[in-house]
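Asker: Quick note, the sequences are listed as chains W and D, same order. Just so you know, we're using the numbering used here here: the first sequence kicks off at 621 and counts up by one. Just so you know, we're using the numbering used here here: the second sequence kicks off at 4 and counts up by one.
No lab work stands behind these hints: they were computed from the structure. Any given hint might turn out to be false.
Derived pair list, reagent style DSS-like, types lysine-lysine, alpha-carbon separation capped at 30 Å [what the hints assert, rightly or not]:
#: 1; chain 1: D; residue 1: K68; chain 2: W; residue 2: K728
#: 2; chain 1: W; residue 1: K744; chain 2: W; residue 2: K728
#: 3; chain 1: W; residue 1: K846; chain 2: W; residue 2: K811
#: 4; chain 1: W; residue 1: K807; chain 2: W; residue 2: K744
#: 5; chain 1: D; residue 1: K68; chain 2: D; residue 2: K118
#: 6; chain 1: D; residue 1: K68; chain 2: W; residue 2: K758
#: 7; chain 1: D; residue 1: K118; chain 2: W; residue 2: K728
#: 8; chain 1: W; residue 1: K679; chain 2: W; residue 2: K811
#: 9; chain 1: D; residue 1: K33; chain 2: D; residue 2: K172
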Amino acid sequence: MTFTIPIDNGDAVKIAEAESQRTLYPYVTGTSIVAIKYKDGVLMASDMGGSYGSTLRYKNIERMQAIGKHSLLGASGEISDFQEILRYLDELTLNDNMWDDGNSLGPKEIHNYLTRVMYNRRNKFNPLWNTLVLGGVKNGKSYLGMVSMIGVSFEDDHVATGFGNHLARPILRDEWHADMSFEDGVKLLEKCMRVLLYRDRSAINKLQIAKITEEGVTVSQPYSLKTFWEFSSFHNPTAGAEGSW
Amino acid sequence: MFRNQYDTDVTTWSPTGRLFQVEYAMEAVKQGSAAIGLRSRSHVVLACVNKAQSELSSHQRKIFKVDDHIGVAIAGLTADGRVLSRYMRSESINHSFTYESPLPVGRLVVHLADKAQVCTQRSWKRPYGVGLLVGGLDESGAHLYYNCPSGNYFEYQAFAIGSRSQAAKTYLERRFESFGDSSREDLIKDAILAVRETLQGETLKSSLCTVSILGVDEPFHFLDQEAIQKVIDTFEKVPEEDEGEGEADEGEAEAAAAAPAEQGGGAGAGDQDVAPMEM
Chain W
621 MTFTIPIDNG
631 DAVKIAEAES
641 QRTLYPYVTG
651 TSIVAIKYKD
661 GVLMASDMGG
671 SYGSTLRYKN
681 IERMQAIGKH
691 SLLGASGEIS
701 DFQEILRYLD
711 ELTLNDNMWD
721 DGNSLGPKEI
731 HNYLTRVMYN
741 RRNKFNPLWN
751 TLVLGGVKNG
761 KSYLGMVSMI
771 GVSFEDDHVA
781 TGFGNHLARP
791 ILRDEWHADM
801 SFEDGVKLLE
811 KCMRVLLYRD
821 RSAINKLQIA
831 KITEEGVTVS
841 QPYSLKTFWE
851 FSSFHNPTAG
861 AEGSW
Chain D
4 MFRNQYDTDV
14 TTWSPTGRLF
24 QVEYAMEAVK
34 QGSAAIGLRS
44 RSHVVLACVN
54 KAQSELSSHQ
64 RKIFKVDDHI
74 GVAIAGLTAD
84 GRVLSRYMRS
94 ESINHSFTYE
104 SPLPVGRLVV
114 HLADKAQVCT
124 QRSWKRPYGV
134 GLLVGGLDES
144 GAHLYYNCPS
154 GNYFEYQAFA
164 IGSRSQAAKT
174 YLERRFESFG
184 DSSREDLIKD
194 AILAVRETLQ
204 GETLKSSLCT
214 VSILGVDEPF
224 HFLDQEAIQK
234 VIDTFEKVPE
244 EDEGEGEADE
254 GEAEAAAAAP
264 AEQGGGAGAG
274 DQDVAPMEM
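Next comes chain W alone, as it looks inside the complex:
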């Protein structure tokens, strides 16, 4: 915490308290990430929005990034903390490459490293305000896991963060199956993202889909989903509840 004290000549003097600064609230945030395992690897979808509270302020934020040769990281939550995590991972993968010995960190190792980082920060009451999704393929094995800002960590066949937990996961539970083709996987992700677009106020209609396979990572160009607003219940939404909006 810092205080400003005005002195005679009008100058303000800042006095910093001994207590170090901790993360108390997120400021610029990204919304849901949805990811599934499919036949050749992992598919991940995210929109490109960065909200500043209730304002949809930034519309070109890439919330998914390739890590090393085998992994893909997606993040929701505070964007600056995501960038900090990318810096940590950059250093980690750089040192890994410098060994130059035929061994490399796979998605499982990166996921566990992130779990340690997130949990340790939580223990110091200074969390990185993110929910991270880590997907990857190494030696033919697909991997998909998630870490939350309090260090809760697990692996699954399909994951979603934020609003996606409530809106996308029921769809995935019903419609996901093992060894989906690329086209089916994308269709499923788009279905989830469309629901999120209708119902999550911090979602924007500009999304990217990333794919990771044994060959590597490809992040698609941003594109929009077709939406339909002529549902009868959208026409007069307050018909059943006078006075609401």
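Given the coordinates of chain W, work out where chain D should sit on it, guided by the hints.
Answerer: Below, chain D alone, put in the same frame as chain W:
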């Protein structure tokens, strides 16, 4: 190596560019009892000779498990070896905790070598007086390394260190080209035969050697006395006869098996009792 005016300090070079203290440390390795390592594409076997201080004491532990996928055999100052094994276990377990993945042995060996190098460049330290044969797995399969007190490390298909290791090395040099494709059982047999070479005449008994193995689908573990004795019995004939290449007919092998087994099961003090059997 003779005493000279450049050998008091590890941080003093000789005019010919040698660090004598480091070389003396490597001598300490040669004084320890033998340790042998060999590897195939998928397995690593570490074996050593059990040396006891006296007839009354038990033998010193020279092979240590570092992790499920890494083991180390030492020769030289066993105390230094114990400390370094503890370091290796610590590094390995810290890596496992952070990454939930086994530490590649090649990286552990570099950490170990860097640690040894520090002791060759500080005037208030001395080099570790122990040689380490590190066997382990990483992404590319099984590996065997030798870590030297000098801070150097080398990768080997097979190697032996300690006293009378030259005899074992000669045996291994003859056979190493086939080790890559060896079966697990053949690898163990070759390790025990190499140990026998260092004994130079002394009868080979399972109580005299320790054998350990690790592999791609096999966590590090020691072979028990029975298993070792069984392998010895496939090639060890009656002690009076010349040691052959292991080709004995069924009858002789069985008869010979009974004699060493009885001796091994008894006091086993490494004596040269004449076999009571008559052929």
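Asker: The structure should be examined with respect to each hint, and the outcome stated for every one.
Answerer: Now the hints, each set against the structure:
1. Proximity of K68 of chain D to K728 of chain W is assessed by CA-CA distance (about 25 Å); at most 30 Å being required, the pair is judged to hold.
2. Only pairs whose Cα atoms come within 30 Å are accepted, and K744 of chain W paired with K728 of chain W is accepted, the gap being roughly 25 Å.
3. With a C-alpha separation of about 11 Å, the suggested pair K846 of chain W and K811 of chain W falls inside the 30 Å cut-off, and the hint holds.
4. Simply put, K807 of chain W and K744 of chain W have alpha-carbon atoms about 41 Å apart, too far for the 30 Å limit, and the pair is violated.
5. Taking the CA atoms of K68 of chain D and K118 of chain D, the gap is about 19 Å. The hint holds against a cut of 30 Å.
6. Proposed proximity of K68 of chain D and K758 of chain W is supported: the alpha carbons are some 28 Å apart, at most 30 Å.
7. Simply put, K118 of chain D and K728 of chain W have alpha-carbon atoms about 29 Å apart, close enough for the 30 Å limit, and the pair holds.
8. The suggested pairing of K679 of chain W with K811 of chain W holds, with an alpha-carbon distance near 21 Å, which does not exceed 30 Å.
9. For the hint pairing K33 of chain D with K172 of chain D, the CA-to-CA distance comes to about 13 Å; that is within 30 Å, so the pair holds.
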